[in-house]
Amino acid sequence: MIEHKIGGEMLKVENISLSFGIMKVLDDISFDIKRGEIRSIIGPNGAGKSSMLNVINGFYHPQQGSITFKGETRKQMAPHVAASHGIARTFQNIALFKGMSTLDNIMTGRNLKMKTNLFWQALHIGPARTEELENREAAERIIDFLDIQAIRKKPVGKLPYGLQKRVELGRALAAEPELLLLDEPMAGMNSEEKEDMCRFVLDVNSEFGTTIALIEHDMAVVMDLSDRVLVLDYGKQLADGLPDEVRNNQTVIDAYLGIPHEQD
Amino acid sequence: MIYRETGQFKANYQDDQALFPIAQDRYVILAVLLVTFAVVPLLLNQYWLNAILLPFLIYALAALGLNILTGYCGQLSLGTGAFMAVGAFSVFKLMTAIPELGFIPLVILSGLITAAVGTLFGLPSLRIKGFYLAVATLAAQFFLIWLFNKVGWFFNYNATGMITSPPMTLFGVIVTGPSADPVAKYYLVAGFVALFALFAKNITRGRIGRNWMAIRDMDIAAELIGVRPLIAKLSAFAVSSFYVGMAGALYFAVWLGSAEPTEAFDINQSFLVLFMIIIGGLGSVLGSFLGAAFMVTMPILLKNIMVDGLGTDTALAAHIEIITIGVLIIGFLIVEPHGLARLWRIAKEKMRLWPFPH
Numbered sequence: 015m016i017e018h019k020i021g022g023e024m025l026k027v028e029n030i031s032l033s034f035g036i037m038k039v040l041d042d043i044s045f046d047i048k049r050g051e052i053r054s055i056i057g058p059n060g061a062g063k064s065s066m067l068n069v070i071n072g073f074y075h076p077q078q079g080s081i082t083f084k085g086e087t088r089k090q091m092a093p094h095v096a097a098s099h100g101i102a103r104t105f106q107n108i109a110l111f112k113g114m115s116t117l118d119n120i121m122t123g124r125n126l127k128m129k130t131n132l133f134w135q136a137l138h139i140g141p142a143r144t145e146e147l148e149n150r151e152a153a154e155r156i157i158d159f160l161d162i163q164a165i166r167k168k169p170v171g172k173l174p175y176g177l178q179k180r181v182e183l184g185r186a187l188a189a190e191p192e193l194l195l196l197d198e199p200m201a202g203m204n205s206e207e208k209e210d211m212c213r214f215v216l217d218v219n220s221e222f223g224t225t226i227a228l229i230e231h232d233m234a235v236v237m238d239l240s241d242r243v244l245v246l247d248y249g250k251q252l253a254d255g256l257p258d259e260v261r262n263n264q265t266v267i268d269a270y271l272g273i274p275h276e277q278d
Numbered sequence: 412m413i414y415r416e417t418g419q420f421k422a423n424y425q426d427d428q429a430l431f432p433i434a435q436d437r438y439v440i441l442a443v444l445l446v447t448f449a450v451v452p453l454l455l456n457q458y459w460l461n462a463i464l465l466p467f468l469i470y471a472l473a474a475l476g477l478n479i480l481t482g483y484c485g486q487l488s489l490g491t492g493a494f495m496a497v498g499a500f501s502v503f504k505l506m507t508a509i510p511e512l513g514f515i516p517l518v519i520l521s522g523l524i525t526a527a528v529g530t531l532f533g534l535p536s537l538r539i540k541g542f543y544l545a546v547a548t549l550a551a552q553f554f555l556i557w558l559f560n561k562v563g564w565f566f567n568y569n570a571t572g573m574i575t576s577p578p579m580t581l582f583g584v585i586v587t588g589p590s591a592d593p594v595a596k597y598y599l600v601a602g603f604v605a606l607f608a609l610f611a612k613n614i615t616r617g618r619i620g621r622n623w624m625a626i627r628d629m630d631i632a633a634e635l636i637g638v639r640p641l642i643a644k645l646s647a648f649a650v651s652s653f654y655v656g657m658a659g660a661l662y663f664a665v666w667l668g669s670a671e672p673t674e675a676f677d678i679n680q681s682f683l684v685l686f687m688i689i690i691g692g693l694g695s696v697l698g699s700f701l702g703a704a705f706m707v708t709m710p711i712l713l714k715n716i717m718v719d720g721l722g723t724d725t726a727l728a729a730h731i732e733i734i735t736i737g738v739l740i741i742g743f744l745i746v747e748p749h750g751l752a753r754l755w756r757i758a759k760e761k762m763r764l765w766p767f768p769h
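Going line by line, the protein sequences match chains A and B. Per my numbering, the first sequence starts with residue 15, numbered consecutively. Per my numbering, the second sequence starts with residue 412, numbered consecutively.
FYI, nobody ran anything at the bench for these hints, they're computed from the structure. A quick note: this is a predicted structure, and the numbers were derived from the prediction, not measured. Some hints here could point you the wrong way.
Claimed, not checked - Between beta-carbon pairs, the in silico distance windows are: (1) B/437 x A/151: 22 to 28 Å; (2) A/265 x B/550: 53 to 59 Å; (3) B/459 x A/202: 37 to 43 Å; (4) B/444 x A/147: 44 to 50 Å; (5) A/154 x B/456: 41 to 47 Å; (6) B/733 x A/37: 25 to 31 Å; (7) A/248 x B/426: 55 to 61 Å; (8) A/190 x B/459: 22 to 28 Å.
Here a beta-carbon is modelled for each residue, glycine too, at the ideal position from N, C-alpha and C.
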């Protein structure tokens with residue numbers, strides 16, 4: 015099994031509550047993510063899954079609770095700080111830089127690895143050139159990994175949906191994150207594209223050792239990929255545990271999974 | 412057929428990332444540079460240099476500046492005229508205070524002063540976007556012009572309120588003021604523009620340019636991958652104003668020779684430069700040049716055709732000119748909203764595939 019790769023606690027979320035006005039989006043949520051695991055968050059629409067990811071990478075600031083990432087506890091952090099600490103993510107609705115090429119999108123993902131100042135960049139010699147070439151090589155490794163060589167110079171706005179999702183994963187991977195947050199990476203895909211994406215998620219996890227937090231609606235995918243599953247419903251924590259435990263949990267079945275269809 | 416990259420193989424990333432990866436593009440740009448610096452000064456007379464090429468090059472520099480801010484970083488600005496005025500008044504003050512520094516360092520220094528002012532007026536961009544930001548930059552436009560009219564220190568307390576460029580030399584040739592040599596002025600401005608166009612191209616294809624475009628295309632996603640909006644936006648304002656300020660300095664000191672703030676740097680200047688980048692192509696260095704060429708030559712061309720060719724009354728011709736340019740702008744935007752630079756790119760794509768349609 016894959017159990018051996020999982021290490022100690024990487025992220026610990028404690029008693030997080032988040033509301034917008036009178037609407038309570040997250041209510042006293044606590045869970046942890048261990049180093050090297052694939053941790054899924056599931057729940058019906060509006061359960062607060064995406065909000066949870068937004069809290070983790072600093073885009074939303076919860077009213078209560080704390081987050082401990084790699085041993086450091088904080089109530090909130092700015093998104094770029096989260097990024098520099100090794101948290102990257104993809105979005106439910108693709109958030110690529112549409113006017114830029116695939117390569118430029120992925121290179122932008124590496125912006126934190128690049129340091130040369132404006133003057134070297136204007137001259138494009140010396141350190142600026144070396145840095146650009148080194149990072150190009152790293153970007154090309156990701157392009158190879160995701161098998162998107164053919165579209166590297168194409169503007170992403172014109173790519174088909176499935177490929178855009180792949181480029182977005184590439185942009186997140188370019189930052190060489192320790193924790194990767196994937197918000198419905200397979201939404202709207204056909205079964206072949208889904209299989210590809212599952213393979214990428216597993217490969218990222220096993221080859222790069224990246225810890226992954228995954229939001230996904232396809233239960234077959236979630237149950238196959240995940241090490242542990244957290245279930246949310248209306249901002250509340252319904253269940254948390256191994257895929258099998260969650261699958262057989264009566265509250266989860268009532269709230270979300272429903273009665274299995276006959277053809278399944 | 413001639414324009415093909417077939418057979419030009421890139422064996423490493425360095426070649427692939429070259430400024431002009433396709434050999435034919437390199438020949439074209441070399442030819443353009445050769446014509447600019449070797450052929451034009453020999454062939455063209457003083458009228459061409461002074462009335463067409465100088466304003467074209469200076470406006471191209473200003474358009475390049477605005478394009479960095481609006482085209483690359485997505486921050487709309489209507490303060491270009493005022494920032495050009497900051498460059499002009501800076502260079503005037505510097506030329507009268509420390510002329511011993513030499514003209515080129517003074518122009519760069521005025522660019523830096525404008526960059527500081529531009530950054531200051533760019534601060535609202537951290538909170539407001541789009542049209543609302545445009546209104547905030549409009550405040551810069553009116554406030555700065557008012558300031559230059561009101562405070563005597565800026566125009567050295569002379570009675571007219573105008574600033575006049577004192578003669579300054581470069582390698583022994585006078586390049587500013589009324590007695591300057593047109594060819595020397597042309598070389599100076601063309602050199603400036605060529606060099607800083609190269610710098611702009613380099614910046615926009617590197618990390619900083621990508622961060623600007625990331626902020627333009629999807630600011631939230633940019634922030635979440637580590638692009639700091641504060642630094643990206645303010646650096647865009649700074650670099651943009653640096654270019655616009657230098658353009659303003661050259662506009663006043665080299666081209667006009669003397670200027671009066673309300674007339675030379677009013678809101679119409681801001682719109683003119685904005686039209687240039689919209690027509691030329693947002694987010695394109697080439698587009699800045701094409702847009703400037705279009706907006707500078709079109710009125711002259713129309714006037715020549717109507718007044719000299721058809722014998723139209725001058726006043727009537729001026730009105731027809733405004734109408735025609737308006738119609739042309741609308742026409743262009745309908746045919747190709749991404750500007751002349753996009754048309755050029757489509758033409759290149761077609762040439763590569765010719766004679767096949769796909």
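Hint check results:
1. Range check, residue 437 of chain B to residue 151 of chain A: about 24 Å between beta-carbon atoms, so the 22 to 28 Å window is met.
2. At roughly 58 Å, the beta-carbon separation of residue 265 of chain A and residue 550 of chain B lies within the given 53 to 59 Å, and the hint holds.
3. The hinted window of 37 to 43 Å between residue 459 of chain B and residue 202 of chain A is violated, with their beta carbons roughly 58 Å apart.
4. At roughly 26 Å, the beta carbons of residue 444 of chain B and residue 147 of chain A sit outside the given window of 44 to 50 Å.
5. Range check, residue 154 of chain A to residue 456 of chain B: Cβ separation about 52 Å, and the 41 to 47 Å hint is violated.
6. Between residue 733 of chain B and residue 37 of chain A the CB atoms are about 54 Å apart, so this pair departs from the stated range of 25 to 31 Å.
7. Taken as a hint, the range 55 to 61 Å holds for the pair residue 248 of chain A and residue 426 of chain B, whose Cβ atoms sit roughly 57 Å apart.
8. Roughly 55 Å separates the CB atoms of residue 190 of chain A and residue 459 of chain B, a value that falls outside the hinted 22 to 28 Å.
Hint compliance for this structure: hints 3, 4, 5, 6, 8 are not met, and every other hint is.
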